[in-house]
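Chain order of the listed sequences is A and B.
Counted from 1, the first sequence has number 92 at position 92 by the working numbering; the numbering is strictly sequential.
Counted from 1, the second sequence has number 1128 at position 128 by the working numbering; the numbering is strictly sequential.
Source of the hints: derived by calculation from the structure; they are not laboratory data.
Just to be clear, a hint being listed does not mean it is correct.
What the hints assert, rightly or not - From the structure, some residues in chain B lie toward chain A, with a derived Cβ separation under 10 Å: (1) ALA1056; (2) GLU1072; (3) ILE1102; (4) GLY1131.
Virtual Cβ for every residue (Gly too), placed ideally from N, Cα, C.
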Amino acid sequence: MIPEGTSDTASARGAMKPSDPRRVIKTSDTVALQIVRDIKARGLVKGDRLPSETSMLQEYGVSRGSLREAFRLLEVQGFIRFKPGPGGGPIVGSVEPENLARTSTLYFHLGGMTYGDLFSTQELFEPLCARLACANPDRHERMASFLHGDALLGSADRADAARFHDEVHQLAGNRVLALYTAAVTHLISTDIMATMDLAELSASMLEEHRQLAQVIADGEAAEAERLMSQHFKAQHGYCRQRWPSRLNELIEWR
Amino acid sequence: MLPPESAMLEQYRVGRASLREALRLIEAQGLITLKPGPGGGPVVGDIHAANLGRTASLYFRFSGATYRQLIEAMVTMDPWLAELAALRADRDMANELVALCIAETKAVRGDSEGAVRFAPGFHQAVYELSGNPVLSTMTAAIDAVFIEQILRTVDLSSHQGQFLDDHQAIAQAIANADAELAKTLATAHMQNVAACCYEQAGAQLDRRIEWR
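Produce the complete structure using the sequences and hints provided.
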């Protein structure tokens, strides 16, 4: 049972940072925390059913308003979902970098940050992931399907390109860096790349993915880092040339 | 102060419940505060990377990331910002950072908690000099998780002299626009911090990141 209005801010964090910027912890946050802990404790995975609202109300001993707010906080981030209809109710969702990206853009937008800032960040994260991927023992297997990119399929299917980069992020091994990189790359691809005509780039992009897949499969870390850096600098250069104003646009919150 | 609820209801043409939920979602990120009582209402807050860190740590937790991975990410990202700061920083601001470092070093020398207290301010100042607010925000979010969760169990106070010297040398390299040196020194400094954590907390750092 969680007492209404519980706050752990004062006691726990005071010593580290005298001016604590973090907002006050509300009951709904504490309930959300408890739901997350219980998902782990009960070994629930994506798609599993959570206890019903009625039983959670009893278990956590909070008001319906606080519980629903907790649900909503987790639902916005995609960690729980609601199955509609009879027999429906809260189920376990999944971790999607695009949801973290979306929340981050709220900060980026209010902070007056631009797509140019996002580009420079991607130029650091992506080559790092390529380098780290070279140390992963699964790299041959995971890169295999990208080794024989068929240039005739040309128009470098965007979904396929995204899949290639997803694999590299996951191969990087460090899940913090992988999530951050995926979030940045997702934002650039939906907000910038999806609005650009990439026809001129697509053939070379496909070939670059093939080369990258090869050097990563071979574990050539320095070369993978160099090629990945070149790969994104080429895309950014293309965008800079065609749509220079886009770089100074504020990152949108969607 | 944002417009009062009644004005927003009219402006956005939504139900009261939807508006309150929208405000609450933004409040959950610490970007607005809902002032209670008469004359209260939504107030625009500051943008604190610590709040993004709190949300991000939920993702880290669900994706199975460990504290060791968080530290590794920090050891990688912080030196990027030191390098950018040396490349781009305004010379006057960089010199101010050096002066601040020297003053702080004198002030906290011998105060066992002093270095730890000053560290977040130093790193934040470097981030501000970097000219890349996106990378700065993302790094500061990780730093906040590190401070809130790892520094609770690890005591760095016995290394304070070394850390203060490191900070001063990094600030000097930034002021001299020596990007390579700034990055090298920042990397060594962060690896040093990481080594202290590994030494003290060891296997505890292989646990999954908590959300709190």
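Unsatisfied constraints (hint numbers, rising) | 3
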